[in-house]
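J.: So the chains spell out like this:
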Amino acid sequence: MNVKSSVKDRQMLEGQYGDAAKLAMSILVRMAEVYGTTELIDVTQAHVDSCALLSDSNLEFAETLLERGGRVSIPTTLNMIPLDLQNWKRLGVPEKFAVKAMRLATAYTDMGCVPTWTCAPYQGYLTPRFGQQIAWGESNAVVYANSVLGARTNRYGDFLDICAAITGRAPKAGLHLKENRKGQLLLRLVDIPPKLQEEESFYVALGHLMGNLVQDKVPVIEGLPVRATDDHLKALGAAAASSGAVALFHAIGVTPEANTLEEALQGSHPERIIDVQSSDLKAAWSDLSTAAEGEKLDVVILGCPHFSFAEFQQLAQAIEDLGGGPRHPTCRMLILTSQTSYSLLQRSDFVDPLTDFGVEIVLDTCMFHTPIIGPETKVVMTNSGKCAYYAPGHLDVQVAFSSLRDCICSAIAGVVCREESLWKVS
Amino acid sequence: MESVLNGRSVVPGSAEGVAVVSTQPISFWGGLDPQTGTIIDRRHERCGEIITGKVFVFPRGKGSSTASAVLLESIRLGTAPAAIINTHVDPILALGAIVAEELYHKTVPVVVLSQEDHATIRDGDCLVIDPDGTIEITAVRTNENP
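From first to last, the protein sequence lines stand for chains A and B. Here this note's numbering is used: the first residue of the first sequence is 1, the next is one more, and so on. Here this note's numbering is used: the first residue of the second sequence is 1, the next is one more, and so on.
These are computed hints drawn from the structure, not numbers from a lab. Warning: the hint list may mix true and false statements.
[Claimed, not checked] List time: in silico BS3-like cross-link candidates among lysine-lysine, alpha-carbon distance up to 30 Å:
no., chain 1, residue 1, chain 2, residue 2
1, A, Lys100, A, Lys378
2, A, Lys22, B, Lys106
3, A, Lys4, B, Lys106
[Claimed, not checked] Now the stretches of chain A that chain B is said to cover, found in silico as 3 or more residues with beta-carbon under 8 Å:
no., region
4, 351 to 364
5, 380 to 393
[Stated by the list, open to error] Computed footprint of chain B on chain A, listed as stretches where at least three residues anywhere in the stretch have a Cβ under 8 Å from a Cβ of chain B:
no., region
6, 11 to 23
7, 136 to 146
8, 237 to 246
Glycine included, each C-beta is placed from N, C-alpha and C at the ideal position.
Using the sequences plus the hints, can you model the full thing?
T.: Structure (structure tokens):
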């Protein structure tokens, strides 16, 4: 092999650490060449997305590793799985599908992964540290880990995540290296009304626009409010990693590698400076919707990425502010979340208002990966840029994107209604 | 017109097929249905088109990290493109092709060309790809059969 390797790497390749480690290392070595490097580095944590999609090849890959004695060598969390393990029967998932999904989940837990089953692992167990070298899959988790936490990972695809988890190694390339983390494009927020900047949908619109503009470059955002919450940054990153291939962004004064513009750019000049105005954001906001105003609404989807405890809190408050509901009898409200956030929710006093409103809470999974939205569903609404981006192709539906408040109002009315006044350019 | 382009062979292999050319990036997850080989991203200019057995020519991947799993499944099912030609190395797509070789001993070559060379490939061109990254444009398509 052309890749410089440690004694242990070579022993893995020769099979001295078992056949699973041999397969994992041979994939890793080939991938190092793809990344254009001749070296591997140690990684000390992994987040595995390979458990998310139920396909025969995914199952075969996982069970092959397990049968060959695969075992993770570093702390490894798991992305969502294609099943709500507690509620799948009630949700109408066919048993044949469920059995296969459980096999996929079990293969990974049997290899020693932690059953976190969430696409927002940064809001749960084993949050990576600043500067920590990690190997993460799941595009929204990657951008959050790099940008908000300052941990270091490339945008690893399914299979490389588990190969890194088994071997504890990753290609020494890309965002593992400081010099590749410098900002390349400068996005200046000009003239954005302060009230708009408090809106969650502002972050989604910005993320959607940013992904389209920068693709796989590293953008630096100047002018993002310092009070941006973790959930705002989660929404921004998830949208940017859907419309583009963004794996790292800096926001001056907000994210840890961008205390100043100079720091974010590592002393260099940006390749391009782009001024982002309210009208650009308005266009991005509109671009996320395909459904028309007033159309009959079938499902509101919240929790893409998985809903946090703080988001449940906001939802309960907003429902109370809007009179408590309930939702329209023909419009479901699905909330996707992790067991971790759900446990916190159960200790709170807003379980009853949410139940009274008529929400359905779905655990451990994703509406794109588990069959819980049937062909009778024609129109969905969401406050998530990622969900809005993928829903038309994946669920064969029309989608309306707007704020949490608009999602609640629409669920009560049973039709799409959006408060566009916030987005009017004054 | 016949011409030869020299690219970087990211996943080496031999293939031939008719070019399906797009200037837009795509996420295979949410963008390609592995059961049918059809592009399903409604935002993509080639939405609705079947790319099975074609040489899919586009700048780069984007979006989901599950794209590698979608490519793997499409290779298993025989619905995958014959080859992929990009302007940027996309490790996620390369990974799907590499795992397919390990699991199923099937190769979908991935080649990266300079933007200038990439831009010379026309929709419908017949392409022959060699393991060293050489791409021969043998004929411009004149009828519906590849």
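J.: Does each hint hold? Answer for all of them.
T.: Status of each hint after checking the structure:
| no. | hint | result |
| --- | --- | --- |
| 1 | Lys100(A) x Lys378(A) | 28 Å, holds |
| 2 | Lys22(A) x Lys106(B) | 20 Å, holds |
| 3 | Lys4(A) x Lys106(B) | 27 Å, holds |
| 4 | 351 to 364 | violated (count 0) |
| 5 | 380 to 393 | holds (count 4) |
| 6 | 11 to 23 | violated (count 1) |
| 7 | 136 to 146 | holds (count 4) |
| 8 | 237 to 246 | holds (count 5) |
Against the hints set out earlier in the document, violations occur for numbers 4 and 6.
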